[in-house]
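Numbering-wise, numbering that gives the first Met the number 0 puts 34 at position 35 of the sequence shown, and it's gapless, one number per residue.
Calculated from the structure, these hints are not laboratory results. Be a bit skeptical, because a hint or two may be false.
[As the list claims (entries may be wrong)] Calculated lysine-lysine pairs in the PhoX-like style (CA-CA distance at most 20 Å, straight line):
#1 K588 to K246
#2 K148 to K77
#3 K50 to K77
#4 K250 to K569
#5 K250 to K50
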Amino acid sequence: MTDLRVAVDVGGTFTDVCIFDEEAQIMRVTKVPSTPDNPMEAVLNGVTRAKIDLADVRLFSHGTTVATNALITRRFPKAAMVTTKGFRDVLEIRDGTKDNLWDAYEDVTGPYIRRRDRFEVTERIDYTGRVIDPLDEDEARRLAALLRKRGVDTVAVCFINSYANAENEERMREILAEELPNASVSTSAEILPEIFEHNRFNTTVSNAVLGPLVSGYVEQLDEKLTSGGYSGELLLLHSGGGSMTAKMVKKFPVRLAASGIAAGAIAAKHIAEQCGFENAVGLDMGGTSTDISLISEGELRETNEWEVEYGHPIVFPSIEVLTIGAGGGSLAHIDIAGSLRNGPQSAGAAPGPACYGKGGEEPTNTDANLWLNRLGTDLADGEMTLDRDRSEVAIRRVVAEPLDLDLDTAADSILKVANANMADAVRLVSIRRGLDPRDFALIAFGGAGALHGAQVAEELNIPVVIVPPSPGVTSALGCLLVDIQHDLSQMFTASADDIDSADLDAQFRSMETEGEERLRHEGVDPEDAVLERGISMRYQGQWRSLQVPIESGADGLATAVRTFHEEHEKQYAFRQDSTPVEIYQIHLKARGKTPKPTFRPEDATRHSPGDPLETRDVYFDGSWMPTPVHQREQLSAGAVFDGPAIINQLDSTTVVPPGATAEIDEWLNIRITLGGAGDDTAEASKDSNESEAVQ
Numbered sequence: 000m001t002d003l004r005v006a007v008d009v010g011g012t013f014t015d016v017c018i019f020d021e022e023a024q025i026m027r028v029t030k031v032p033s034t035p036d037n038p039m040e041a042v043l044n045g046v047t048r049a050k051i052d053l054a055d056v057r058l059f060s061h062g063t064t065v066a067t068n069a070l071i072t073r074r075f076p077k078a079a080m081v082t083t084k085g086f087r088d089v090l091e092i093r094d095g096t097k098d099n100l101w102d103a104y105e106d107v108t109g110p111y112i113r114r115r116d117r118f119e120v121t122e123r124i125d126y127t128g129r130v131i132d133p134l135d136e137d138e139a140r141r142l143a144a145l146l147r148k149r150g151v152d153t154v155a156v157c158f159i160n161s162y163a164n165a166e167n168e169e170r171m172r173e174i175l176a177e178e179l180p181n182a183s184v185s186t187s188a189e190i191l192p193e194i195f196e197h198n199r200f201n202t203t204v205s206n207a208v209l210g211p212l213v214s215g216y217v218e219q220l221d222e223k224l225t226s227g228g229y230s231g232e233l234l235l236l237h238s239g240g241g242s243m244t245a246k247m248v249k250k251f252p253v254r255l256a257a258s259g260i261a262a263g264a265i266a267a268k269h270i271a272e273q274c275g276f277e278n279a280v281g282l283d284m285g286g287t288s289t290d291i292s293l294i295s296e297g298e299l300r301e302t303n304e305w306e307v308e309y310g311h312p313i314v315f316p317s318i319e320v321l322t323i324g325a326g327g328g329s330l331a332h333i334d335i336a337g338s339l340r341n342g343p344q345s346a347g348a349a350p351g352p353a354c355y356g357k358g359g360e361e362p363t364n365t366d367a368n369l370w371l372n373r374l375g376t377d378l379a380d381g382e383m384t385l386d387r388d389r390s391e392v393a394i395r396r397v398v399a400e401p402l403d404l405d406l407d408t409a410a411d412s413i414l415k416v417a418n419a420n421m422a423d424a425v426r427l428v429s430i431r432r433g434l435d436p437r438d439f440a441l442i443a444f445g446g447a448g449a450l451h452g453a454q455v456a457e458e459l460n461i462p463v464v465i466v467p468p469s470p471g472v473t474s475a476l477g478c479l480l481v482d483i484q485h486d487l488s489q490m491f492t493a494s495a496d497d498i499d500s501a502d503l504d505a506q507f508r509s510m511e512t513e514g515e516e517r518l519r520h521e522g523v524d525p526e527d528a529v530l531e532r533g534i535s536m537r538y539q540g541q542w543r544s545l546q547v548p549i550e551s552g553a554d555g556l557a558t559a560v561r562t563f564h565e566e567h568e569k570q571y572a573f574r575q576d577s578t579p580v581e582i583y584q585i586h587l588k589a590r591g592k593t594p595k596p597t598f599r600p601e602d603a604t605r606h607s608p609g610d611p612l613e614t615r616d617v618y619f620d621g622s623w624m625p626t627p628v629h630q631r632e633q634l635s636a637g638a639v640f641d642g643p644a645i646i647n648q649l650d651s652t653t654v655v656p657p658g659a660t661a662e663i664d665e666w667l668n669i670r671i672t673l674g675g676a677g678d679d680t681a682e683a684s685k686d687s688n689e690s691e692a693v694q
């Protein structure tokens, strides 16, 4: 039986399939158009197109946009919220902030559950966990009967201070289970046992509204794969950079929000490690958006609070990714002031760019690249033929004529605006934190990342661009590189000077018991279980906290405090060693190791790339230049050539601009060294790549 590992990543325009044959050490990729109305159809289409025998698949991993899209479109099942009397409007009051402080008229979008579907019951627990008022069970049953009459499918139970004592929430859950046996119920103490009620309530509500949708999708996909011969667990990537089995997704569906976004960041980190870069920026440009991630000192940045829509926080650990509306399908348009803009509106998969011939009439980045001959007329290995004449009509009507530009300049201007938008986003995640982009490599992937990567890097003076072997399906590869992972947290407020170490250790052991139970539930062998402790601390009087690792043992807390001072200085440029440190919260990562692909380097002796497939005129820097076009699959490790050049492949097109040098490295990445960077930069980027790298 063949040992295959399959990963599928669903994007806004295309669904990517990555198949790694461990025995033959061969990676295959394919792409199929996404089916937004039924994402599972595209997943199964990809499996069919790739000619995968599911009986040969050892691991099937999936990054999905189902949860994210549901939160964006708000196509929810009938949902209700039950809360403590007096706290019905926490979701609307929020924290009082605005996304745009200077717009007095812009308002935050409404809660995921409307006010008329939020109900109160009598109960009260104080901040210490003492029960002041037990749950009024008669009132609770009358409410449950009302919800049953309304046909509610899912309920969020959010009681004040339940993080300190979940007794009343659990009793409410039991009553709801008796009265509404077919409804899913999420309690805030189980989903997020943390102090801030808006964060806790909104995360629980998000989990509740996603429950029936995500569970239904996962169940159906699991059944289809099983009936097709797959005998393993379906693993789904979550926002924290780990994966979950279908069983656990039913309990924590909100963790799948931002699933696909995390996959690209994980793949970028893997590629940076392969190429010997501790600092790198991941530029994942797809058809609809660009996701930008930052790897600093070998680690991806994480955040504990994020949102799909502003004002609706989801407080689970997540890989920090900045998403902007810049993709191959982003629409170029003239704003009311007469300036050229690019995105965030997108043509998406349907109708798509004008050149798709599916009804789109507005120019996109794809149309501009096609007109400038940076992109060929065949897309996805002949799956789609692009119409250059339609691109011309769209660019001329929307951009060239209104701005009195010639067609070439108009198309080039569209791309320059898109590249400037992406460069600004990179500045936000780097310069704003005191990091210099010139010290980073740019990893360009996604269907359109390799088209734009070199010019974005030029804007930022980044010296090296790395294009992975299959840039269009790199996010899918990221799904194969993760472990099963659960993130647990618990409030624990105390002074670090006065804490009872035995009490702290007992709380960690309690969390570890739960973590081990979750991993057992997912079928993880105890030998493959890894538990990592973390602790959030802050200086006395501070509001925000900083999480650092903590080891077990007598010296664990003292070491963690020293680490906190060091990390605080790195993050905020100051430290106060004489100020008392408070413990705010404790954390646990429970990881179950999963099998991962083993990649072997090629011999990279430098040589000529050979004759190109063709030479065509491509527009660069205000003029048309004869440009060789190479087929990626025919370029072996060690091939070196100067720009301008175009490199075609199934899932993407790479542009090497004039003045740059491209080299195929031992991992079959394209390393583009931009003009002025010099050979020293490329050489300095390499570490000991002589040996095998097992990621």
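Hints, verified against the model:
Distance restraint check for K588 and K246: the Cα-Cα separation of roughly 19 Å lies within the 20 Å cut-off, and the hinted pair is therefore satisfied. About 12 Å separates the Cα atoms of K148 and K77, which keeps this hinted pair within 20 Å; it holds. Only pairs whose Cα atoms come within 20 Å are accepted, and K50 paired with K77 is rejected, the gap being roughly 39 Å. Distance restraint check for K250 and K569: the Cα-Cα separation of roughly 37 Å exceeds the 20 Å cut-off, and the hinted pair is therefore not satisfied.
For the given pair, K250 sits about 33 Å from K50 by alpha-carbon distance, which is inconsistent with the 20 Å threshold.
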